[in-house]
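Visitor: Below, each chain spelled out in residue letters.
There are 2 protein chains.
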Amino acid sequence: MMNDEKILQEKISLLEDKLNIRERLIHALELVNTTLDLNTVLEMLMTIANQLIDTEASSILLMDEEKGQLYFTAATGTKKDEIKKIYLAKGEGIAGWVAEHGQPLHIADVSKDKRFSKKSDRTTGFITRSILAVPLKIEDKLIGVVEVVNKKKGEKFTSEDIELLQTLSTTGALAIQKARLYQDLSDLFISAVRAIADAIEAKDPYTRGHCERMRHFSLMIAEELNLSEKEKRNVELSALLHDVGKIGVPERILLKDGKLTQEEFEEIKKHPVIGAEILAEIKQLKEVIPGVKYHHERYDGKGYPEGLNGENIPLIARIMAVTDAYDAMTSDRPYRKGLSKEIADKELVRLKGQQFDPKCVDAFLQNYAKNAKYSPKR
Amino acid sequence: MMNDEKILQEKISLLEDKLNIRERLIHALELVNTTLDLNTVLEMLMTIANQLIDTEASSILLMDEEKGQLYFTAATGTKKDEIKKIYLAKGEGIAGWVAEHGQPLHIADVSKDKRFSKKSDRTTGFITRSILAVPLKIEDKLIGVVEVVNKKKGEKFTSEDIELLQTLSTTGALAIQKARLYQDLSDLFISAVRAIADAIEAKDPYTRGHCERMRHFSLMIAEELNLSEKEKRNVELSALLHDVGKIGVPERILLKDGKLTQEEFEEIKKHPVIGAEILAEIKQLKEVIPGVKYHHERYDGKGYPEGLNGENIPLIARIMAVTDAYDAMTSDRPYRKGLSKEIADKELVRLKGQQFDPKCVDAFLQNYAKNAKYSPKR
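These protein sequence lines are chains L and D, in that order. Heads up: the first sequence begins at 49 in our numbering, then just goes up one per residue. Heads up: the second sequence begins at 49 in our numbering, then just goes up one per residue.
Please note that the accuracy of each hint is not assured.
[Claimed, not checked] With a Cα cut of at most 27 Å, we get these calculated DSSO-like pairs of lysine-lysine:
1. L/Lys-59 - D/Lys-59
2. L/Lys-307 - D/Lys-304
3. L/Lys-280 - D/Lys-54
4. L/Lys-278 - L/Lys-331
5. D/Lys-307 - L/Lys-54
6. L/Lys-201 - L/Lys-66
7. L/Lys-278 - D/Lys-331
8. D/Lys-400 - L/Lys-66
9. L/Lys-54 - D/Lys-54
10. D/Lys-54 - L/Lys-304
11. D/Lys-331 - L/Lys-132
12. L/Lys-389 - L/Lys-400
13. L/Lys-304 - D/Lys-66
14. L/Lys-251 - D/Lys-66
15. D/Lys-350 - D/Lys-334
16. L/Lys-304 - D/Lys-59
17. L/Lys-59 - D/Lys-66
18. D/Lys-66 - L/Lys-280
19. D/Lys-280 - D/Lys-166
20. L/Lys-278 - D/Lys-185
Quick caveat, the hints were computed from the structure, so don't treat them as lab data. Note that this is a predicted model, so its numbers are computed, not measured.
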């Protein structure tokens with residue numbers, strides 16, 4: 049009887065362990081699903097795998113379809129950065145074996161297994177003893193491999209460990225796929241905006257690359273002003289789209305060689321408002337529109353279309369005003385060469401408080417100086 | 049002793065039940081995370097909730113932020129469609145109470161609880177006996193309520209039921225949020241494409257609405273040809289973007305009132321290739337480009353830019369050719385009134401095999417006839 053009771057007690061303890069680990073797994077699956085950002089998903093997956101299986105390190109390799117190679121995209125543990133440089137061919141090393149066969153592999157002592165590749169240990173200086181690797185699959189398609197390395201208590205992975213990592217990998221693969229879909233759609237949108245900006249610029253060879261440079265300069269100011277990620281995104285889109293209204297300005301005026309008449313100039317001055325109208329129907333761009341509509345306002349109130357002044361001009365438009373003018377000054381035109389950086393900088397400073405928001409000019413020059421320090425050869 | 053053993057056996061049985069239900073929950077969480085399509089997420093959530101808690105029906109209400117109301121977005125069980133028409137104010141009914149208090153509520157006998165609103169039963173004819181409702185939250189923000197109704201075995205919900213539904217709801221809320229983010233980004237992209245199409249059209253008042261009508265007509269053909277969802281999406285984008293290359297054609301030619309010279313016509317004929325070039329950098333639009341580049345090819349090989357013929361013209365472009373011409377024929381121009389549908393239809397038929405792919409013409413006319421039957425007042 050006592051013996052039976054002991055067996056039952058052991059069974060209870062086992063079940064409780066299993067239950068506990070499932071509770072943790074459920075919580076982990078929730079975490080993995082909180083975000084659509086690929087890097088965050090990968091980091092979470094690794095951290096969770098490490099904790100659940102109780103290992104020293106973990107890593108994720110993703111399949112590069114074109115090259116047919118696995119590349120390390122993320123790794124926990126001490127040697128995180130080095131490992132990211134390593135590629136494995138399909139079939140190479142443990143991860144390569146798992147990718148080729150599409151099934152898990154656990155090895156208690158890698159020194160005794162000839163499938164183990166020393167490539168990553170050589171690069172990182174890390175010493176791998178034991179390894180458990182599981183494929184990341186979407187239905188039957190392999191998208192990568194997740195590995196946990198060096199089990200802390202004892203060297204053997206249990207069947208429970210394998211099962212756990214497989215469950216985590218199923219959800220992990222889905223989370224990776226969704227993050228990629230989202231990223232892809234986001235890239236598509238930005239590419240489309242850029243393509244349109246390019247097409248509008250292409251009408252006038254002297255403005256080529258203007259939007260792209262303005263995007264770059266505007267992000268420098270946004271960075272320096274510590275704007276949020278969302279605000280930075282708006283700044284970026286606003287720079288790319290600031291001249292979209294030029295679609296609505298007659299070409300004979302837009303591309304006129306000689307001096308514009310007063311009437312023609314009034315036509316040109318409509319482009320910020322036309323741009324705002326083009327974007328008006330797009331509810332997700334509500335916060336981008338002010339940058340388009342007011343990028344020709346001046347800090348002293350002498351700009352257009354509304355003659356707003358100072359802080360009454362939305363910040364995003366005050367940023368556009370500086371970078372639009374700066375790029376115009378430093379670009380070549382058919383009738384003059386572009387100003388040097390030194391002279392253009394002086395112009396910005398001279399016009400602080402008149403044409404430009406002093407804060408935006410300062411931020412631009414400060415950030416420029418910093419970047420110049422980092423990369424003197426620019 | 050026997051007594052102790054019995055207790056232990058019972059405990060084991062209980063733990064096994066718990067473990068089993070967690071295994072099912074883990075599988076359920078995987079399912080909920082397979083997709084970024086909102087409707088599929090909602091359907092899955094309900095089906096799973098129903099199965100896990102073993103109830104007769106389930107439903108999801110989402111919060112309409114602007115109106116401050118909960119609306120039924122999905123419901124299993126017999127009376128699915130009727131229930132979708134019902135709104136509840138915050139605080140109204142069980143779901144309203146849960147939304148207001150942000151915590152679960154279970155009621156074994158709704159006839160004895162005055163918080164229960166008879167609104168939905170009255171509309172649907174369903175008889176609610178017991179109910180368990182749990183908030184859907186993202187961090188602390190309420191986005192909706194999930195309800196399971198009429199527990200099959202016995203009328204009481206257990207604390208285990210509540211816990212399960214809460215766990216499911218945490219993941220469910222995240223899945224709903226991600227599906228919405230994706231939908232939002234997708235809408236943003238389509239809106240941007242449409243805004244650009246509109247802006248290009250706005251140059252010529254006689255083409256206003258052309259892209260939108262062409263999109264509609266092209267989808268009719270795609271529908272009739274049983275194209276996949278992905279192909280339909282490409283058809284849609286191709287219709288909206290088919291004339292994007294007109295950005296690159298000089299306005300004095302594009303908008304010329306009189307007859308075009310041969311040289312000018314050659315300039316106009318560049319717009320499909322310019323359009324393809326504008327889109328060339330966008331890798332996600334690879335399958336849209338043929339519709340843009342070849343929408344002026346003719347089935348008999350007499351079109352441009354390449355003089356392709358028959359099935360050598362990509363299907364997407366053969367669709368564009370029909371709908372572009374059809375909308376041009378039926379639209380008013382400064383110098384003529386648009387053709388009636390009857391005469392335009394005859395033109396399409398007459399030009400089958402010459403200008404147009406016969407299959408596309410037939411599909412268009414067939415689908416038109418069907419839709420006319422469904423909505424005689426169009």
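Visitor: Which hints from the list above does the structure break, by number from lowest to highest?
Guide: 3, 5, 8, 10, 13, 14, 16, 18 and 19
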